[in-house]
Amino acid sequence: MGRLLKGLVLCAALVGCGSGDESDSVAEPAARAYNVPLEWRDKFAKFLFGSEPVGSTQAPEAFGSYAKGCLAGGVELAETGPTWQAMRLSRNRNWGHPVLVDYVQDLSRVAAKQPGWNGIYVGDMSQPRGGPMLSGHRSHQMGLDVDIWMRPAVNLQLSAKSRESISSFSMRRAAGAYVNEGWSRAHHEIIKAAAQDPRTARIFVFPGAKVRMCDDEKGDKSWLHKVRPWWGHHYHFHVRLNCPEGSPGCVEQDDPPRGDGCQDARDWVADILNPPPPDPNAPKPKPRKELVLADLPKQCVGVLQSN
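In the working numbering, the protein residues as written are 1 to 307.
Since the hints were made in silico from the structure, they are not lab data.
These numbers were taken from a predicted model, which means no experiment stands behind them.
Just so you know, even glycine gets a beta-carbon here, dropped at the ideal spot from N, CA and C.
There is no bait here: all hints are sound.
Below 20 Å or equal to it, Euclidean Cα-Cα: the simulated SDA-like pairs (lysine to any residue) are:
1. K192 <-> G219
2. K289 <-> G136
3. K192 <-> D216
4. K192 <-> G182
5. K298 <-> M133
6. K43 <-> S135
7. K284 <-> W231
8. K46 <-> Q299
9. K221 <-> D255
10. K46 <-> A31
11. K113 <-> W149
12. K192 <-> C214
13. K46 <-> V301
14. K113 <-> R185
15. K289 <-> W40
16. K221 <-> P256
17. K113 <-> Q157
18. K298 <-> E252
19. K192 <-> S170
20. K161 <-> A78
21. K43 <-> V301
22. K46 <-> G136
23. K221 <-> G259
Derived CB-CB ranges, DEER-like:
24. K221 <-> N35: 43 to 53 Å
25. N180 <-> N35: 47 to 57 Å
26. A270 <-> G116: 23 to 33 Å
27. Q196 <-> Q58: 25 to 35 Å
28. A282 <-> E39: 34 to 44 Å
29. P115 <-> V251: 35 to 45 Å
30. S51 <-> G116: 36 to 46 Å
31. K218 <-> P198: 17 to 27 Å
Between the sequences and the hints, there should be enough to build the whole structure, so can you do that?
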C-alpha cells in the first residue's frame with residue numbers, strides 16, 4: 001500500500017492539524033451522567049468553548065486527548081515578548097497550559113540566536129479553555145499544541161492589524177516533496193531544538209522538510225524520531241507536548257515508530273512524486289462528527305462552568 005493510502009488509514013492514529021479521532025453519537029444518558037446543563041446539550045462544543053474569552057479560575061490541568069479534550073487554568077501567552085509575537089490575535093488562540101507558554105518562550109529565545117531571526121511568530125495555540133475550535137484544527141484542544149510560523153520573525157513590532165494580514169512563507173516545492181529556496185539551516189536548527197526538548201512529544205512538518213533534515217544532519221539523528229511527516233505543515237511546523245505533571249486525565253498519544261523515521265519520510269516523498277493508483281476497495285471517508293459537550297471528558301463541564 002502506498003504512503004498516501006497508508007496516511008488515510010493512519011489518520012486517526014497520528015492526529016495533526018486539521019485531523020482528529022471520530023466518535024459515535026453520545027446518547028442523552030451520557031449527557032445526564034456528565035451533568036451537562038440542558039441548555040448546552042444540543043449545542044456543538046465548539047460554540048461553547050469558542051465563546052469563552054478567558055481561562056478558567058482553576059489549577060492548570062489538561063483533560064482528554066489532543067483532539068477531544070479541554071484545558072483548565074489556561075494562561076495567555078503575551079501578545080508580544082522580547083523574542084516572539086502572537087499572530088492572528090482576533091482568534092484569541094494564544095492560550096495554553098503553563099508548560100506550553102514556557103516552552104514557546106524558551107524556543108523563541110533559541111530562534112533569536114539564528115541568523116536572520118529575531119525570534120518566532122506564534123500561530124495557533126489553544127482557546128482560553130481549550131476544547132474544539134470554531135474553525136480549523138481538530139486538535140489543539142488541551143493547551144499542549146502550538147504552530148510556529150516558518151517565516152523568520154524579523155520585525156517584532158508588528159501592530160495588531162498587521163498580524164491579521166501578514167502571512168507566513170511556504171517552504172515546500174513539488175507539492176511537498178522538496179523544500180524551496182526559502183528553507184535555511186536556521187529552520188533546521190530551530191526544529192531540532194524543539195525536538196530535543198524533553199517536553200516535546202512530536203513535531204509535524206511536510207515530508208520534504210523531514211527528508212532534507214535527514215540528509216543535512218551529520219551528527220546524532222535520534223531527535224528526528226519526533227519529527228513526523230504530515231499533510232500541510234509547510235507554512236508552519238506544529239509542536240505537540242507530552243502530558244504535563246498534574247494532569248492525570250490527560251491521554252498521551254502513542255509514541256512514534258522506533259528509529260529516526262527518515263525512510264518513512266522518503267516513502268512519503270516517493271508517493272508524492274509517483275502517486276500510487278487509488279484503491280478501488282478503500283472505504284469512503286466518513287463525515288466528521290461535530291462534538292457535543294458529552295463527547296468530551298466529564299471534567300470539561302466544570303471547566304466551562306468555572307469563573
